[in-house]
Amino acid sequence: MAISLTVNGTTHTVDVDEATPLLWVLRDVLDLKGSKYGCGSGLCGACTVHINGVATRSCVTPVAGVGDSAVTTIEGISQNPIGQKVQEAWLEIDVAQCGYCQAGQIMSATALLEKTPKPTDADIDMHMSGNICRCATYNRIRTAIKAAAGEPVKKEA
Amino acid sequence: MNFDHTASRRSFLKASAATGGGLLLSFKLAPLGSADATTGEAALSAFIRVSPDGIVTIAAKNPEIGQGIKTSLPMIIAEELDVDWKDVRVETADVDAEKFGVQSAGGSTSIPRNWDNMRRVGAAGRQMLVATAAKALRVPESELTTASGKVIHAASGRSLTYGALADRAAKEKAPDLAKVTLKDPKTFKIVGVATKDVDGPSIVHGKPLYGIDVSVPGMLYATYEKCPVFGGTVKSCNLDDVKNVPGVKHAFVVQGTIPPGEVGLNVGLSGGVAIVADTWWQASVARRTLRIEWNLPDSATQSSQGFAARAAQLAKQTPEVSIRKDGDVDAAFKGAAKIIEASYSYPFLSHATMEPQNSTAHFKDGKLEIWTPTQNPANGSAIITRTLGLAAKDVTIHMVRAGGGFGRRSSPDAMLEASWIAKEVGVPVKLVWTREDDMRHDCYRPGGFHNFKAGLDAQGKLIALSDHFVSYGKNGQFASMAMMGSSTFPAEFVPNLSLGTSLMPLGTPTGPLRAPGSNALAFVFQSFLDEVAHASGRDPLDFHLDLLAERRIATAAPAAGGAPVFKPERMSAALKLVAEKAGWGKRSLPKGTALGLAYYFSHQGYVAHVAEVTVAANAPVAINKIWVVADVGGHIVNPSGAVNQVQGAVLDGVGQILGQEITIAKGGVVEGNFDTFPLLRMRQAPPVEVHFLKSEANPTGLGEPALPPTLPAIANAVFAASGQRIRDVPLNKVFRSGAAA
Ligand code: FES
Ligand code: FES
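Protein chains in written order, with the numbering used here: chain V, 1 to 157; chain Z, 1 to 741.
Because the hints were derived from the structure by calculation, they are not lab data.
One or more hints might be untrue.
[Claimed, not checked] Just so you have them, the derived chain Z footprint on chain V, three or more residues with Cβ under 8 angstroms:
| hint | stretch |
| --- | --- |
| 1 | 2-13 |
| 2 | 33-40 |
| 3 | 46-60 |
| 4 | 68-75 |
| 5 | 100-113 |
| 6 | 140-154 |
[To be verified] Interface residues of chain V toward chain Z, partial, derived using beta-carbon atoms under 10 angstroms:
| hint | residue |
| --- | --- |
| 7 | VAL25 |
| 8 | GLN97 |
| 9 | PRO117 |
| 10 | ARG134 |
Glycine included, C-beta positions come from ideal geometry on N, C-alpha and C.
My request is simple: use the sequences and hints to build the entire structure.
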């Protein structure tokens, strides 16, 4: 069925079954491969996108439920000034190992900083614990979030 | 403290040792001729291209799985080539053993095998540019120096850029790699400088980079259902129902080629049902309608519970096979002032790479092309050619960045399945496993059971130690990575020692998981030695420094390519430094908070940890901080990547001890996703403070050796904090771990 979907400011019409998770529409229909498949069950956060600014697991979000809400993916997050800061901090701190989880981490971190511009360690723990990093870059993710929040960063190496 | 390498690792090392001179040169540089007419780029070798504006493109020869090798190997070339890193672009090499030698990621070998190679490749490029400049400037080469992509004649104040020289330099004879002149390491400008991952910008912007992102025109998507029990085949299934689901283009049974009784992900193609559709989601929806009746192998009766019961029986008997015997343990136990006995166990583990296994393949006109996030393309090519009956020259493999490896992607199963399916359907196909496929069809870190006994003399000195290791395997052969080597520490440091094993047949594939062998043996030996230290009434740090101070049994001369010799003085130095950094014995800690230490030698790296934990009633065990000192040689190629690797390896261990366990029931794996196999999360991740102790000249690898000491350091700290010894991991068998999803 034809479904209209607004992603990163552009409206598309896609012809998919309405139960198709948003993740697979983004990846395989719209060719936006930045959002990742990790678990398919809302357990890992690799597929995190923003729907009207709220961090959402796209692997368990049926595309028909998105309606005319604005979807933002990693490919569009630099249009958001906070998102851009987060991306810059991620590069500055050299966070990634394999990098596979990092799109989801960046989307969650951006959502955190939009609500909580100066997050404490406890805020970061609470907000980021839905995003698994199998390579366990957690020390650097924490540092990068603080750097993006404008806090001074201790050099580790 | 090392394990027996697998046959393939050993034979590689032998082969490369045979090339002589201590060099691991498995390739030669071939002259490549003149510049590319369209780009103006000139290739100095398969590794280096220089464009007229001085931009240097360097080929990264080995698979990138998150270990940072795509950045660090080109750094070494750039260093000796003498260019500025800002002028370097990196691209992944083609798979071509003649040009690039061995291209694999495993065993923390990429740096030790390639450190010298890559320096020579860079130096050869520099030499070609210098020779060209000497002719152009009509001066002897000896009067020329290089810096920042320029050849300089200081005497006349003239210089030429590499960009200007490259076209002519490419026509120079390729130098003999064994004879090129290398830089004095004191002058290094790139090696040793923290350098950001070359794919960082693509990662943070969500550019397609990974195997799962590959897109080939006309591509269909596949899912593949295999028997829950390894080696099972399809008896019957309802293909017609599946074919009726919208979007499905093909659905068929694959008989498979696993020889009966053989176990492992590289013994053949597993049987199953392939579903190919317009989109992966449609294939997945169709898969839900699938009803399969399986022919089950004998191992369908095996279970973790059954293995534990059998291991307890075997523990009461004499080991079937002796691994090592020094002195006379029985006599020493009789004469000992104190005896300590304890049994330990650890579970099967899954790799759970963040990116599930996948591969894209296209079979056309008798030729196969594959795009895959592999750690070992040669291994894949071998089994694909054998199974599909193709010649090696008709199989082209493209290495794609992998979303984690940890040893999982050394196995070629997904590549082989995609190739088979692509050959059936004749159009490009992308096979993507579900998370559940990935967790239930892994080559697991094998579980194991250790039964220890130790004897102390009246002075509290360790005089005898024995271990009966109940492991997996048959006919006296360990299952893959279920081994214990004869040099396992504290072998050689205890006068009376006996290591033996009894094996249980296993139908589930096992394989290398980050620091194979060591990741389990470190936990049991370093925990038991901590028990012995406490029983001796000594501080564990003093106990271990004393133990390391005296080698009681001479080391057997290492066979060519055998396990590297353990140098206890390097370990003692790491241990002393980590104790100092953590304030061992110097800080007063609140009740319920304590430190634990552990160390291990693996993959030629010397690593010591101190962990600080808090154990409080009604709260999960809190791991407050871990300090690490690693001695992996005299150079840390990329300090930024190195710290990241160490932190990752340590936190990998934290995740393992908190709650990871793969359970076998009815011959298959129970856990299927992160709810039941919990990976570490932000709130559980302690800070990891990393220090490098620079010792000897040549650097060794770092993807693995920082993991093994993590579990025992934590377990020893938990004992110090609570008096409760963790002898079975994960620790949520006894404690709250907070590891649930
Ligand atoms: S893929 Fe969506 S939460 Fe894991
Ligand atoms: S960087 Fe590999 S999963 Fe996070």
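Hints versus structure:
1. For the stretch 2-13 of chain V, the stated coverage by chain Z is violated: 0 residues have a C-beta nearer than 8 angstroms to a C-beta of that chain, whereas at least 3 were required.
2. Counting residues of the stretch 33-40 of chain V whose C-beta sits closer than 8 angstroms to any C-beta of chain Z gives 8, which meets the bar of three, so the coverage hint holds.
3. Residue count for the stretch 46-60 of chain V with a Cβ under 8 angstroms from a Cβ of chain Z: 1. That is fewer than the three needed, and the coverage hint is violated.
4. Restraint check on the stretch 68-75 of chain V versus chain Z: 3 residues with Cβ-Cβ distances below 8 angstroms, three needed, restraint holds.
5. Given as covered by chain Z, the stretch 100-113 of chain V passes the check, having 5 residues with a CB less than 8 angstroms from a CB of that chain where 3 are the minimum.
6. Only when three residues or more bring their CB closer than 8 angstroms to a CB of chain Z does the claim for the stretch 140-154 of chain V stand; here the count is 3, and the claim holds.
7. A least Cβ separation of about 8 angstroms between V/VAL25 and chain Z falls short of the 10 angstroms threshold, and the interface hint therefore holds.
8. Annotation: V/GLN97 was flagged as interfacial toward chain Z, and the flag holds, the nearest CB pair being 4 angstroms apart, inside 10 angstroms.
9. A distance limit of 10 angstroms between C-beta atoms decides the matter here; for V/PRO117 the minimum to chain Z is near 19 angstroms, and the interface restraint is violated.
10. A distance limit of 10 angstroms between C-beta atoms decides the matter here; for V/ARG134 the minimum to chain Z is near 4 angstroms, and the interface restraint holds.
Of the numbered hints stated above, those contradicted by the structure are hints 1, 3, 9, listed in ascending order.
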